[in-house]
Amino acid sequence: MTTEPTAAPGDAVRLSALSKTYGSFTAVHPLDLTVPAGSFFALLGASGCGKTTTLRMIAGLEDPTTGSVALGGKDVTALPPYKRPVNTVFQNYALFPHLDVYENVAFGLRRRGIKSVKQQVGDMLDLVQLGGMARRKPHQLSGGQQQRVAVARALINKPEVLLLDEPLGALDLKLRRQMQLELKRIQTEVGITFIHVTHDQEEAMTMADTVAVMNAGRVEQLGAPADLYENPGSTFVANFLGTSNLIEAEVTGTSGGDIQLVAAGQRLTLPAARCGAEVTTGGRVLAGVRPEKIALVHRDDEDAIAEGRNRVPGRIVDSSFIGVSTQYVIDSPVCPELEVFVPNVERDGRLVPGAPVVLHWNPAHTFGLDAAQDIDAGLDADAVEAALSPDGAGTAAEAAV
Amino acid sequence: MTAATAPPPTSPAPATVPAAPRRAAGRRRLTPYLLLLAGVAWLLVFFVAPMVYQASTSVQTGSLDEGFKVTWHVATYWDALREYWPHFLRSLLYSGIATAACLAIGYPLAYTIAFRAGRWRNVVLVLVIAPFFTSFLIRTLAWETILADQGPVVSFLNTVHVLDVTSWLHITQGDRVLATPLAVVCGLTYNFLPFMILPLYTSLERIDGRLHEASGDLYATPFTTFRKVTFPLSLPGVVAGTLLTFIPASGDYINAELLGSTNQKMIGNVIQSQFLRVLDYPTAAALSFILMAAILAIVTVYIRRAGTEELV
Chain A
1 MTTEPTAAPG DAVRLSALSK TYGSFTAVHP LDLTVPAGSF FALLGASGCG
51 KTTTLRMIAG LEDPTTGSVA LGGKDVTALP PYKRPVNTVF QNYALFPHLD
101 VYENVAFGLR RRGIKSVKQQ VGDMLDLVQL GGMARRKPHQ LSGGQQQRVA
151 VARALINKPE VLLLDEPLGA LDLKLRRQMQ LELKRIQTEV GITFIHVTHD
201 QEEAMTMADT VAVMNAGRVE QLGAPADLYE NPGSTFVANF LGTSNLIEAE
251 VTGTSGGDIQ LVAAGQRLTL PAARCGAEVT TGGRVLAGVR PEKIALVHRD
301 DEDAIAEGRN RVPGRIVDSS FIGVSTQYVI DSPVCPELEV FVPNVERDGR
351 LVPGAPVVLH WNPAHTFGLD AAQDIDAGLD ADAVEAALSP DGAGTAAEAA
401 V
Chain B
1 MTAATAPPPT SPAPATVPAA PRRAAGRRRL TPYLLLLAGV AWLLVFFVAP
51 MVYQASTSVQ TGSLDEGFKV TWHVATYWDA LREYWPHFLR SLLYSGIATA
101 ACLAIGYPLA YTIAFRAGRW RNVVLVLVIA PFFTSFLIRT LAWETILADQ
151 GPVVSFLNTV HVLDVTSWLH ITQGDRVLAT PLAVVCGLTY NFLPFMILPL
201 YTSLERIDGR LHEASGDLYA TPFTTFRKVT FPLSLPGVVA GTLLTFIPAS
251 GDYINAELLG STNQKMIGNV IQSQFLRVLD YPTAAALSFI LMAAILAIVT
301 VYIRRAGTEE LV
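Those protein sequence lines, which keep their order, are chains A and B. In this text, residue positions in the first sequence follow the UniProt record's numbering: the first is 1, and each later residue adds one. In this text, residue positions in the second sequence follow the UniProt record's numbering: the first is 1, and each later residue adds one.
The set of hints was computed from the structure by calculation and includes no laboratory data. You may find that some hints are simply not true.
Derived Cβ-Cβ restraints for the label pairs, each shown as a range [claimed, not checked]: (1) B/G118 / A/T66: 18 to 28 Å; (2) B/D208 / A/P85: 43 to 53 Å; (3) A/D63 / B/R304: 42 to 52 Å; (4) B/R227 / A/D63: 23 to 33 Å; (5) B/R227 / A/Q373: 47 to 57 Å; (6) A/N231 / B/N122: 53 to 63 Å; (7) B/G118 / A/E189: 37 to 47 Å; (8) B/N122 / A/P336: 50 to 60 Å; (9) B/D208 / A/Q119: 29 to 39 Å.
For lysine-lysine, the following DSS-like pairs were computed, each having C-alpha atoms within a straight-line distance of at most 27 Å [claimed, not checked]: (10) A/K184 / A/K174; (11) A/K115 / B/K69; (12) B/K228 / A/K83; (13) B/K228 / A/K158; (14) B/K228 / A/K137; (15) A/K158 / A/K83.
Beta carbons: idealized from backbone N, C-alpha and C, even for Gly.
Construct the entire structure; sequences and hints are all you get.
Okay, here's the thing in structure tokens:
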């Protein structure tokens, strides 16, 4: 290799200017990424965003077009997969159908010439709670059990980094939740660096310490889940990670730490510290607020709203009761479809479709984004993924357990 | 679980089934047998009946002039075996070697088609089957030309002294390839190669490419991946291919007839001449049954050892 890797010993993975192009299509734009050792790192994005390609380049299953991959401070760009200290949990597990659970799990150890594998395989099967299944063939297992075999088969090799490629994609919702917690438990127990590729934002936020949101071959934003959620840096992240209400507004001035905005005649306040865009008086900015931060009152009670809160009038278009909260869609002059999630503590019987309402929220909960972006970025991607995500697959098999 | 499911819209099935559905169920039960009818009739007429006829022929005595009678003369089997055991052995040996050669040639080819051929895959597959567009006889005759004494193949083999080695091994004679065991085995190998390649290809092609990646990811070198993953998973194809090659090859007589001499006669040649030239029908029938029994025994042992039932 021409470049000397400069990774700190604490970094499990370091990608430098890593890119991949197929003909004229760029799957991954030059990417610099550092994953600290022992962390649970998620690559989140819609299908086709380059997250799996990135993972496969780390595993050595795909040759990068440019750039380098360093694992634990050693450049491995030129090494074939079988010489890299990483293991992968494949999307559909890729268990060896001709080998039983025991031999699947022992595969990596045997390839490295380890003779007495019994103890280790037993321990690993206990860790993933498959102690009694050692002699079953993969096709005799349910989806969730196969998933655990795949994890055990990779983890037993004590890799420096465990790569998980949509490992829960084939499981139904309930099992997915369960496996998310289980994987998190296993990661905490073994302390190995996990890099998890997923299109499910909830999954990424539940499991990972750090999430990198990818879009069209680039990392849009990287950070702790709460940080990404509260301070999205782009409309894509704001829309892809949870739901955001984005209001296009004009800047009327700044005072103290606040930016004064006006949208459709409504005055709004945005903390300057939470605005990622350059603002000039008269310029435009997107003011964002998460649906659960907004409170909703009937217009008759407007006087009860405390001073200094951002307020927007509107009319309820739709409401759906989902148990813990009621989700409202509000038509307002500032935005035709504002979403509001109201926790079901005390329900106001007047808040039905058609009712005039006033939305209000603490100005500190507002974030600002550059108005030059596509306001709907990340919305379609989410919808496509929701349609693609398998539901019910493996349910029958699971029920039999 | 706390999630409640809505009660089913219909009441539970009644204990007694009404008459009409029962008739329908009866029809449904019959359907598979009706579908089998044509095949069963075919087998009865063209397999079971000739078998019974041949079995009875094999225990008959007599001559063409006086006519044959069933006399339960089982000694025909014993005599046939005593007289023609070298032909049996030769048949099994030649077809065994041809099968091994087919596997050696066919496996790399099937592997390449399945994993490396890319968009050429279908073209190559058609090329594999293409020889079938000409008759078996013509193809074998072509080999007579290819291996002709003055032909380029023989003179080349002569020049590079390969024939010296093969003569020393007693599979060719002097400057000739024709009328030697090598020629017969070459013919068998060539003629039955597609029967090896196609099942191999089918079983290789079914292997999920991610298994190769998973194996590489788990520290297996490409060769180990082949040994531990690809080959075991292709075993059903290996078994099917070797059977489809070995069984017809051991009964074949065209290759020995056209490419061999009297010293390379296989059991197929003996059966053919007993039936059509010597007109000793009982011996011919007995030889056929012995061959069948031998193949059955070999195949049974082979499948047991290969243990294919354990594979998915």
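Hint check:
For the pair B/G118 and A/T66, the beta carbons lie near 25 Å from each other, so the given range of 18 to 28 Å is met. In this structure the supplied range 43 to 53 Å is violated for B/D208 paired with A/P85, their Cβ-Cβ distance being about 25 Å. Checking the proposed 42 to 52 Å range against A/D63 and B/R304 shows it holds: the Cβ atoms sit about 45 Å from each other. For the hinted restraint 23 to 33 Å between B/R227 and A/D63, the CB-CB distance of approximately 25 Å keeps it satisfied.
Evaluation of the 47 to 57 Å hint for B/R227 and A/Q373 yields a pass: the beta carbon distance comes to about 54 Å. As the Cβ distance of A/N231 to B/N122 is approximately 54 Å, the hint placing it in 53 to 63 Å holds. Between B/G118 and A/E189 the CB atoms are about 44 Å apart, so this pair conforms to the stated range of 37 to 47 Å. The beta-carbon spacing between B/N122 and A/P336, approximately 53 Å, falls within the hinted interval of 50 to 60 Å.
In this structure, B/D208 and A/Q119 meet the distance hint of 29 to 39 Å, their C-beta atoms being roughly 31 Å apart. For a cut-off of 27 Å, the pair hint linking A/K184 to A/K174 stands: about 16 Å separates their Cα positions. Between A/K115 and B/K69 the alpha-carbon distance is near 68 Å, which puts this suggested pair outside the 27 Å criterion. A hinted pair counts as satisfied when its Cα atoms are at most 27 Å apart, and B/K228 with A/K83 qualifies at roughly 18 Å.
With a C-alpha separation of about 22 Å, the suggested pairing of B/K228 with A/K158 holds against the 27 Å cut-off. Distance hint between B/K228 and A/K137 is fulfilled; the C-alpha atoms sit about 16 Å from each other, no more than 27 Å. Of the supplied pair hints, the one linking A/K158 and A/K83 holds, its CA atoms being roughly 14 Å apart against a limit of 27 Å.
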